[in-house]
Amino acid sequence: MAVRARVLIRPKEGILDPQGKAVERALPALGFEGIEHVHVGRMVELDVEDPARLGELCEKLLANPLIEDYEIEQI
Amino acid sequence: MKWGVLQFPGSCDERDALQACSLIGEARLVWHEERDLEGIDAVVVPGGFSYGDYLRAGAIARFSPAMEAVAEFAAAGGPVLGICNGFQVLCEAGLLPGALLLNEDLRFHCRQLDLIPEGFVEGSQGSEAGKSFNEPLSIPAKHGEGRFWAPEEVLDSLEARGQVAFRYAPGQNPNGSARDIAGVWNEAGNVLGLMPHPEHAVDPLTGSTDGLKVFERLVQ
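Protein sequences, first through last, are from chains H and R.
Numbering-wise (my numbering), the first sequence opens with residue 1 and increments by one.
Numbering-wise (my numbering), the second sequence opens with residue 1 and increments by one.
Take the hints with a grain of salt, since some may be wrong.
[Claimed, not checked] Chain H side only, calculated, beta carbon under 7 Å to chain R, not exhaustive:
id, residue
1, PRO18
2, ALA22
3, VAL23
4, ASN64
5, ILE67
Honestly, the hints are just simulated from the structure, not real lab data.
Think of the CB as a built atom: it goes at the ideal place given N, C-alpha and C, for glycine as much as any other residue.
From just these sequences and the hints, can you work out the full model?
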């Protein structure tokens, strides 16, 4: 029985995230004030038969652990 | 000297790489599903957008049969050159240190640049050539994800070991790369990756033939 999981992947703290910066800079022009520290990552949703292997999957493919952090959420 | 130039779905610079290699030896394409590098003396992992750059540039290409063969080839000391997307693939595969991130200004840059050759790894294939390899090279770069990044201690170690192969000339860093690094060697000195495209600078028609020196250096 497969389990649905979500993996959230984001740039590591301290690594310049130009996408987040670009979004942040665009917000005041649209009237959104008081928003900072915007970071853009990605989310992978998948069905997995053996959730114990998700960590390995993230380390090997879904994330690059040198530059990205990830969180696994089973839903 | 026989060169093998990898070809993934989404590669786009393999023909220019093939042409560049054929100026200094024989060359053939190696389809991504091939595992056999028999008779090949040096490998080029070319530029482009392998597997659509899905997930991260180079992330999926690294699991192709051809790349598994290249990893064994490199481990046995075979010379490997990764250009642009090929550099990204080699970093993802762990054959080169660091990672390539989105350009700092989020723009795709395409321009002719001066590269300052720098390191050579003592005792490696690159070392003899490295000693007589001091002039800046005029080579084009074209990429959106070329910002070389590695932790500070890794950057220090790359500099200390002579693994920085090229830096962008002062003021010409197009992507925000750490310490202006445009290309690096692996620790053993047989694997070289760089973001600019030496294969596009091999014919006087396009303004510079400096790119050939990069190919020659790899196998000297």
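Here's how the hints hold up against the structure:
1. PRO18: holds (5 Å)
2. ALA22: Hint holds; ALA22 (chain H) Cβ to chain R Cβ min 6 Å, cut 7 Å.
3. VAL23: Not OK, violated: VAL23 (chain H) not within 7 Å of chain R, min 11 Å.
4. ASN64: Holds. Min distance 6 Å.
5. ILE67: holds (5 Å)
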